[in-house]
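Engineer: We have chain A; now place chain B onto it with these hints.
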Amino acid sequence: MTHTMSPQIRLANEIAVQFAHQPPEQAAAAIAQHIRQFWDPRMKADLRHQLDTNPEAFDPLALAAARLLNP
Amino acid sequence: MSLLSEPDLGTPAKDGPATVSLEIDGLSVTVPEGTSIMRAAALGGVEIPKLCATDSLEAFGSCRLCLVEIDGRKGTPASCTTPVAPGMKVRTQTPRLEKLRQGVMELYISDHPLDCLTCSANGDCELQDMSGVVGLRQVRYGYEGENHLDAPKDASNPYFDFDASKCIVCSRCVRACDEVQGTFALTIEGRGFESKVSPGAGELFMDSECVSCGACVQACPTATLQEKSVVDLGMPSRTVLTTCAYCGVGCSFKAELRGDELVRMVPYKDGGANEGHSCVKGRFAFGYATHPDRKLNPMMRESIDDEWREVDWDSAIAYVATKMREIQARHGAGAIGGITSSRCTNEEVYVVQKMVRAAFGNNNVDTCARVCHSPTGYGLKQTFGTSAGTQDFKSIAKSDVIVVIGANPTDGHPVFASRMKRRLREGAQLIVIDPRRIDLVRTPHIEARHHLQLAPGTNVAVINAMAHVVVTEGIVEQSFVRERCEEYEEWAEFIARPEHSPEATEEITGVPAEELRAAARLYATAGNSAIYYGLGVTEHSQGSTMVMGMANLAMATGNIGRDGVGVNPLRGQNNVQGSCDMGSFPHELSGYRHISDDAVRSVFEDLWGRELLAEPGLRIPNMFDAAIHGTFRGLFVQGEDIAQSDPNTNHVTAALRAMDLVVVQDLFLNETAKFAHVFLPGTSFLEKDGTFTNAERRINRVRPVMAPKPGKHEWQVACEIAQAMGYPMEYSHPREIMAEIAAVTPTFAGVSFEKLDKLGSVQWPCNDKAPEGTPIMHVDGFVRGKGRFVQTPFVPTRERSTRKFPLILTTGRILSQYNVGAQTRRTKNVAWHPEDVLEIHPHDAEVRGISDGDEVTLSSRVGETTLHAVISDRMPVGVVYTTFHHPVTGANVVTTENSDWATNCPEYKVTAVQVGLQNPVPHLNHEALSIPALAD
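Line by line, the protein sequences give chains A and B. Quick note: the first sequence uses the working numbering, first residue 1, plus one each step. Quick note: the second sequence uses the working numbering, first residue 1, plus one each step.
Only chain A is shown next, with the shape it has when bound in the complex (with noise of 0.2 Å):
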């Protein structure tokens, strides 16, 4: 991993760990619902941008997230 990628993806890859005792499902709406409560809307919208531009550099419970927030 470098530090080089978006600060959203870091920080939605670290939310994600932290939720990967739950089942998937339930994690990934989770997620979504921390970051709808705690970011700014640009960094949303930057997570959703990165969506398709580096989908590879997300947790697959973080990018299950990031498909739950609406734009």
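Hints were generated in silico from the structure; no laboratory data involved. All values reported here derive from a predicted model rather than from experimental measurement. Where hints are given, some of them may not hold.
Here are the simulated distance ranges between beta carbons [said to hold, decoys possible]:
hint, chain 1, residue 1, chain 2, residue 2, range
1, B, T472, A, A29, 39 to 45 Å
2, B, R442, A, A29, 47 to 53 Å
3, B, H594, A, L51, 22 to 28 Å
4, B, G332, A, P23, 37 to 43 Å
A short, non-exhaustive set of chain B residues, derived as facing chain A with CB atoms under 7 Å [stated by the list, open to error]:
hint, residue
5, H587
6, D606
7, W608
8, G609
9, E615
10, G617
11, L618
12, T631
13, P793
For every residue, glycine included, the Cβ atom is placed at its ideal position computed from N, Cα and C.
Structural biologist: For chain B alone, coordinates are given in the frame of chain A:
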């Protein structure tokens, strides 16, 4: 106010419902059982002469001045050591007593310099007063015999002198050091006529273990221990009651002035947080407020490479407003923001967050609590329902077990530490969970029952293992859990899994399983158990998880909702609690209510006349990222030195350089000001008018000792910027700001300046349900209804020691210095800590060829700095430690971008580093430096 003289009732108050009635000089008095005759008399309005007695100390009975006669009893017992009894008839003034007292005083005065007119304590000397009270008119003994009048003066302490020639050996200083402070630095050396007060083994004060708390100075009845400022300036003549601006204990002080000059700060006995005690910072280190480094005029420059030029307030405010609007016009409304300060009052913080939300038109407001206790906010809200410690400080007097996790109270929160030590000396058990052997682990008359010396970054594994023991050994407080909590079953199943057992986690944490089991059993079964924690909990990648883990443990054992228990953050700065309460976080309005809540938002929108955004704004680290990305370009920084205090300095300074406008409001041109375009002079706590809220939720008044030196209060400056940006924001006095806070914040609904002036202080929630505040929270139910158990999986930090960086650096603070040192470095406290040093274990030092005092290089993957090494076995092998009080050291040059997953609170406490000699000796085997890594 004239000089406030607090009554001294001679001996401490006694608690208890039972009372005793007696007669003193014909007056009927009823007092609690166990009260001394001296105190009972004082309560009844009868003053008994005294010298060795004072109501902050237990009775000693040595001066023989407080003798009384009691009907039916022989002799003349000391009233300080004699408890009242039912029906007792006491006489305090008789010819026999008069003669005895005159004889005692005559002996004292016969060995005391008669220089009252030129003595620094003239007018504030109990010996002088008592001479008058007992009617001493002559001293029959001359100075020809042996005396102590030539005893040397010890002026080694930068703040007070010890003039032994004036000492009457009453032992008040020794007892204050023992009973109040708990350091035991003073003693009475010698016997009989040779008796004298001695710091340590005949040392100077500065060379002894004295921590300069001032308790001895406070207790001294003569000029023997006297503040140098009183010697230099004379006796103060008026008092302003106010609140200390250092740590989160929030001590109340009498600021004593002579005219407009502050002579000394004296701890206030009626202060709810400190009850008459102080530390070296609050008591003495206030000189920074008038330090010549202070900047008192606004300054501007177009580029950070230009020289500063002084401007008037109108120009500075107009420039800030215009430039902020220009940035928004070019880059969007969200391109600017502000940071509030935990060193500012609630009122000052509230108006800055209002300026951001209403005038800037976004939620890009954060507070310096981001980098310290934001995980407390998240963790306690998830589990208990609100972001606050559960207890008042007094509660610790009822604790049977005290758990200190990731905190160093004797250095960071010394006045509360003295309360803690007092309870520990009374027999409470202590569990310390910390990688470093802090002083509390073994200090005079105290020894921790368990020191769980865990590896940095493994807090959650340890707390989970403790909970595992509680659940699997069947010592859960089932009735509490059943009646008061929810989601227990799921949590219990989770925590009982084998991977959480002490045996399974031992290899990760380094804590022996049996010791951890014993500590868990002690915590769960010994009665009242209380947790106190600091930044060693929060400043981790799992800071929020750890806070929830502690809450889980407290709920499972029923240690919530009464005296002596609880989960309590020890807040770093004086108003961390308040700055968070005031809506400084980008996702919350005041009172911890989410910005997305339409009903809450509408309260503010109606009052403020502006529509508020429903989504959170940027947090501080996100601001830096966005600045580097180019979407965040204007920042107002209220009293925080982000360039020194925030992690990964290179990243922070790159972000600051990338901005079009950085506005710094501070006392000094701090490190952040190097990157600022506008400097707005701030006010010290001696000039502020408002309130601070301490770690026990206690709202204290901060009263101005002097007019604001820059000519404006900080809240006025924020209002004027908002107005210049087109948003009307006007108050005529900070009490109006508090009135608005009360109107929009349910937990503050009952708070007003008038109430605070009447009651002294209140602890929130303060509203119709609790008009005089709430000392202990969650008594009948949790704020969120049921306490919620949250599953807390241990996830190791990404920051691991490697072959290149084989050591782990953790950071902390030291007693004499405060935070980034902007204040304390500009006081005589530098006598104790002139520079930050690197503590390194003897083994780690030896393999690197490092000797005590060597200059060493400390490097991590993000930066490098140099310090002097101190060889110490306080840290385990593989762990090094430093403080961050001096900018020249730049400890945060090496800390990384890692942060708490939930709040982005930086992971200051775990950084993989290497340490090497700055100028290594060529013949050393440098292969030895590559000790086996813990992980790659």
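Engineer: Could you work out which earlier hints the structure fails to respect and list their numbers in ascending sequence?
Structural biologist: Hints 1, 6, 7 and 8 are the ones this structure does not satisfy, whereas the remaining hints hold.
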